[in-house]
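Take the sequences, apply the hints, and build the full model.
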Amino acid sequence: MIFFWAFVVGGLICVMGQIMFDVFKLSPAHTLTILVVSGAILDGFGLYEPLIDFAGAGATVPITSFGNSLVHGAMQEAEKHGIIGVVTGMFEVTSSGISSAIIFGVIGALIFKPKG
Amino acid sequence: MADEKKKNLPPEAQKYQDFQTKREVKRPLLKNCIKAFLVGGIICFIGQIITTFYIYNFNFTEQTAGNPTTATLIFITMLLTGFGVYDRIGQFAGAGSAVPVTGFGNAVIASAIEYRTEGFILGVGSNMLKLAGPVIVYGVFSAFVIALIKTILVQWGGF
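Same order as they appear, the protein sequences are chains Y and V.
Using this note's numbering, read the first sequence as starting at 1298 and increasing by one per residue.
Using this note's numbering, read the second sequence as starting at 63 and increasing by one per residue.
Derived from the structure by calculation, the hints contain no laboratory data.
Worth double-checking, as some hints may not be accurate.
Here's a subset of chain V near chain Y, in silico, CB distances under 7 Å, partners left out [claimed, not checked]:
1) G144
2) V186
3) M190
4) A209
Heads up, the beta-carbon is just placed ideally off N, CA and C, and yes, glycines get one too.
Structure representation (structure tokens):
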């Protein structure tokens, strides 16, 4: 069942992005930024975690989860170290997305040649 | 605001603008949304398969399996971007391929490959995060503000 909800929820988040593209005529960069910030806000209210339990990858794969895990890492460290933890813990949970994008980006640049 | 802009233009330009707005191709909203829904849904579905694989084979929990899933998806994106397949998916799917984390990966990897001709330090190194930069910058900043407010409320407000 979680496969079905992953499909539906992930699809719906993409439709929201498509609406921002087409109706509000935003550039992809603006759209993605808005989605990331809204993911962070949702986690601020504690609403993103239930969505992950409900939809699995439908909530973790869209870029909104990036904002969610940034807040999450910051909050985890904040519980241990107080205010300083907010700054130091930021990338604790979310590092995999950025680091793998950078790692595979460099590997890709080494392997592939740009096309026309 | 559009009217204010119009007033400052010469009459021919105003006429041209009216003409342009009439001729502008209407974006087929419903069709685009359905495409985005299907492709985005399929990407998340594949993500769920990978997540399940990691939970059952490598002792990840539901919460932590998101990280290796992201890395795997970005690896697949690297191959698709390198062979030029992801661009085609993107033309078809619009936001359906841009919103999942694969779109973020594609933005990084595509600019890395594209700027390779300008050298590895000044080309790849400095242009890689050009498109993905805003996402990281505002993601981090908004997360900082939110986590700060929350911490202050929890620690000093006693919530």
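Comparing the hints with the structure gives:
1. G144: 4 Å, holds
2. V186: 5 Å, holds
3. M190: For V:M190, the interface hint holds, since the closest Cβ of chain Y sits about 5 Å away, which is under 7 Å.
4. A209: 4 Å, holds
Violated hints: none; the structure is consistent with every hint.
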